[in-house]
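Residue numbers (my numbering), protein chains in the order written: chain D, 135 to 242; chain G, 592 to 719.
Hints in this document: simulated from the structure, not taken from any laboratory.
Keep in mind it's a predicted model, so treat the numbers as computed, not measured.
Misleading hints may appear alongside valid ones.
To be verified - Derived CB-CB ranges, DEER-like:
#, chain 1, residue 1, chain 2, residue 2, range
1, G, V631, D, T181, 26 to 32 Å
2, D, T181, G, R623, 48 to 54 Å
3, D, N163, G, E626, 41 to 47 Å
The C-beta atom is built at its ideal place from N, Cα and C for all residues, glycine as well.
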Amino acid sequence: MKRSHTAACLAMLLTQTVIADAPKEHLVNQKAKQFTVTALNAKVGDTVTFKNEDDVSHNIFSLSDAQTFDLGTYGAGQARSLKLESPGAIEVECAVHPNMKMQITVSQ
Amino acid sequence: MKFFNQTLKSGVAGLGLAALALIGTARAEEFRTTEDASVVRGSIVFKTYCILCHGANGEGDGRASKIHDPKPANLTLSFLSDAQKEIIIRKGGASVGRSAVMPAWGEHLTSEQITDVVAYLRKINRQP
Chain D
135 MKRSHTAACL AMLLTQTVIA DAPKEHLVNQ KAKQFTVTAL NAKVGDTVTF KNEDDVSHNI
195 FSLSDAQTFD LGTYGAGQAR SLKLESPGAI EVECAVHPNM KMQITVSQ
Chain G
592 MKFFNQTLKS GVAGLGLAAL ALIGTARAEE FRTTEDASVV RGSIVFKTYC ILCHGANGEG
652 DGRASKIHDP KPANLTLSFL SDAQKEIIIR KGGASVGRSA VMPAWGEHLT SEQITDVVAY
712 LRKINRQP
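All chains, please: the whole structure from these sequences, using the hints.
Here it is, written out as structure tokens:
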């Protein structure tokens with residue numbers, strides 16, 4: 135009885151650990167020509183989805199050393215996703231709206 | 592009599608200032624419609640929206656140019672006509688079979704702003 139209880143506890147602990155380390159999906163909206171989230175903490179392997187909730191096109195790009203990318207320009211109602219590949223600070227910008235900026239801090 | 596003279600002088604001065612203001616307004620309105628004014632406005636639009644890829648001098652070396660292939664156009668060496676430039680600015684690069692990275696600015700800029708940017712591009716073009 136005691137042995138099976140210990141095994142169950144170990145299994146639960148393992149499951150919790152796996153869930154805690156599972157990649158997460160983060161949602162950032164683009165609304166009123168601003169990012170709805172200006173600072174985001176995430177981990178390597180997580181995904182960030184940027185959804186355009188405006189009626190004009192938006193773009194997503196970054197020139198940061200941690201991760202450089204251009205997800206392109208996309209219209210109203212569309213979304214683009216980014217998988218975080220390495221730790222560091224990523225400044226995300228919109229090429230169409232120079233005032234739109236947000237930062238993702240990626241940890242290991 | 593002294594009071595009358597002072598009032599007259601003030602009135603004349605006031606009329607003079609009003610006339611100068613009117614002339615100034617007329618000249619400002621006249622300037623607004625010139626090519627020079629269009630270039631000035633266009634340079635402001637360019638430095639707000641285009642500089643990121645095309646660079647401060649329009650040579651295609653903006654800070655975002657490093658992530659684009661093909662590289663942004665060197666606008667100082669462009670051989671396109673004003674009408675072709677306007678189409679690309681308004682409808683994006685993909686509309687003419689060029690880079691899809693160049694956005695369609697027609698939904699973001701007014702027609703006057705696009706005309707002004709074309710005027711600015713005309714100004715910085717070094718093609719003979």
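Verification of the supplied hints:
At about 45 Å, the CB distance of V631 of chain G to T181 of chain D disagrees with the hint of 26 to 32 Å. Look at T181 of chain D against R623 of chain G: about 50 Å separates their beta carbons, and that is inside 48 to 54 Å. At roughly 42 Å, the beta-carbon separation of N163 of chain D and E626 of chain G lies within the given 41 to 47 Å, and the hint holds.
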